[in-house]
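Engineer: If you want the building blocks of each chain, they are given just below.
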Amino acid sequence: MARCWRTRGGLTSRLLAQVGFLPGDTARHHRAVILDLLQEALTESGLTSQDIDCIAYTKGPGMGAPLVSVAVVARTVAQLWNKPLVGVNHCIGHIEMGRLITGATSPTVLYVSGGNTQVIAYSEHRYRIFGETIDIAVGNCLDRFARVLKISNDPSPGYNIEQMAKRGKKLVELPYTVKGMDVSFSGILSFIEDVAHRMLATGECTPEDLCFSLQETVFAMLVEITERAMAHCGSQEALIVGGVGCNVRLQEMMATMCQERGARLFATDERFCIDNGAMIAQAGWEMFRAGHRTPLSDSGVTQRYRTDEVEVTWRD
Amino acid sequence: MRDADADAGSCRGGVDTAAAPAGGAPPAHAPGPGRDAASAARGSRMRPHIFTLSVPFPTPLEAEIAHGSLAPDAEPHQRVVGKDLTVSGRILVVRWKAEDCRLLRISVINFLDQLSLVVRTMQRFGPPVSR
Numbered sequence: 001m002a003r004c005w006r007t008r009g010g011l012t013s014r015l016l017a018q019v020g021f022l023p024g025d026t027a028r029h030h031r032a033v034i035l036d037l038l039q040e041a042l043t044e045s046g047l048t049s050q051d052i053d054c055i056a057y058t059k060g061p062g063m064g065a066p067l068v069s070v071a072v073v074a075r076t077v078a079q080l081w082n083k084p085l086v087g088v089n090h091c092i093g094h095i096e097m098g099r100l101i102t103g104a105t106s107p108t109v110l111y112v113s114g115g116n117t118q119v120i121a122y123s124e125h126r127y128r129i130f131g132e133t134i135d136i137a138v139g140n141c142l143d144r145f146a147r148v149l150k151i152s153n154d155p156s157p158g159y160n161i162e163q164m165a166k167r168g169k170k171l172v173e174l175p176y177t178v179k180g181m182d183v184s185f186s187g188i189l190s191f192i193e194d195v196a197h198r199m200l201a202t203g204e205c206t207p208e209d210l211c212f213s214l215q216e217t218v219f220a221m222l223v224e225i226t227e228r229a230m231a232h233c234g235s236q237e238a239l240i241v242g243g244v245g246c247n248v249r250l251q252e253m254m255a256t257m258c259q260e261r262g263a264r265l266f267a268t269d270e271r272f273c274i275d276n277g278a279m280i281a282q283a284g285w286e287m288f289r290a291g292h293r294t295p296l297s298d299s300g301v302t303q304r305y306r307t308d309e310v311e312v313t314w315r316d
Numbered sequence: 001m002r003d004a005d006a007d008a009g010s011c012r013g014g015v016d017t018a019a020a021p022a023g024g025a026p027p028a029h030a031p032g033p034g035r036d037a038a039s040a041a042r043g044s045r046m047r048p049h050i051f052t053l054s055v056p057f058p059t060p061l062e063a064e065i066a067h068g069s070l071a072p073d074a075e076p077h078q079r080v081v082g083k084d085l086t087v088s089g090r091i092l093v094v095r096w097k098a099e100d101c102r103l104l105r106i107s108v109i110n111f112l113d114q115l116s117l118v119v120r121t122m123q124r125f126g127p128p129v130s131r
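Each protein sequence line maps, in turn, to chains A and B.
Residues in the first sequence are numbered from 1 upward in steps of one, following this note's numbering.
Residues in the second sequence are numbered from 1 upward in steps of one, following this note's numbering.
This is chain A alone, in the form it adopts within the complex (with noise of 0.2 angstroms):
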């Protein structure tokens, strides 16, 4: 059973207006709409409860009223239909969803969404975290750079600093933070909140360079700690997930830098990048073919779940 969650009608977008995607509003939107979409997922399977041999749901990470949202319908139906769960990590369910969707065999990984950046790699049963951003994730830094320059949250505010940045001329210097496998947001969003009003008033640059000039810095910085831990491992794929990962001047930069190494990049279509319930199945899967089961009791979500806690019993 595969359904990828959709947003109705670009709530998406008026949930972000605020100051980004508030708890408790996410979580009305999901428990208005789970059960339709359960429903749906059934009907447009063919399936019936009884075909069903596990449920998986996000455990965490997350935001703790959308998480729960979610997790009490799982742990209902699975008492309903008595059948096992299967609590799976946001960052696994990107990660498998990538190397099944791709067919990389053991990429090195740049998951990069609002709100998260991490470049994990396996190793020994662990995706382990090699470089993260020690503040906030790299969407979280965008969608905040939109706001400051009253861009528009529709469809995305990631879409339209893409769509802008391709119209920037001028490439302004901005704080370029990389601190060893590690990367910084915060101070580049200081700067862009004190000057860029003040630049854009004196016609030293327009906001269509300012995106530019965005996108460039924050993207060669997740190249350079991509790279940082390709090198160590020796690895010759690369694969990009998380919503980010739809940004095409990413993925360009991103397969230069693969490119210059002999290695194969590999990213999906915005179905995959962006977060859906399909890679949460996907990856529920996996663990539930080798063996793993969430008892009720240990089911509750959690809002902080490290990629690296998670015993990946399933590959070599």
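Source of the hints: derived by calculation from the structure; they are not laboratory data.
Each hint should be verified, as a subset may be incorrect.
Claimed, not checked - EDC-like mimics (lysine to aspartate or glutamate), calculated; alpha carbons at most 20 angstroms apart, straight line:
{"hint": "1", "chain 1": "A", "residue 1": "K179", "chain 2": "A", "residue 2": "E224"}
{"hint": "2", "chain 1": "A", "residue 1": "K83", "chain 2": "B", "residue 2": "E64"}
{"hint": "3", "chain 1": "B", "residue 1": "K83", "chain 2": "A", "residue 2": "D298"}
{"hint": "4", "chain 1": "B", "residue 1": "K83", "chain 2": "B", "residue 2": "D100"}
{"hint": "5", "chain 1": "A", "residue 1": "K83", "chain 2": "A", "residue 2": "D51"}
{"hint": "6", "chain 1": "A", "residue 1": "K170", "chain 2": "A", "residue 2": "E216"}
Starting from the known structure of chain A, arrange chain B on it as the hints suggest.
Structural biologist: Just chain B now, with coordinates in the frame of chain A:
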């Protein structure tokens, strides 16, 4: 404890709707010490707020299922608000203990939202298969 009484009133209505398959009005009540600003200011040397919710289900199995769905998630402000869930026959009993009235109210409201979702799920995808 006016706030909790008002909530108990709206709780009763909410729980009725939520527990429609159970039938009958569940006794939602909120005993506990009254609190005004002065006594709140005196801090936790006062007795904590206690709020109890009893939700009847058609069968003990369904009460157990609701318990299984709603018990595992931890309270966000565990040091200040805690709750425990038990099943007694076909009744799900939820007992809160809280230092802070506002956080108690938020926790109860959130719980009722999740309870309502569990009940709707059971209505839509139940009854439970035979074991």
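Engineer: Give me the numbers of the hints this structure contradicts, sorted from smallest to largest.
Structural biologist: Of the numbered hints, all hold.
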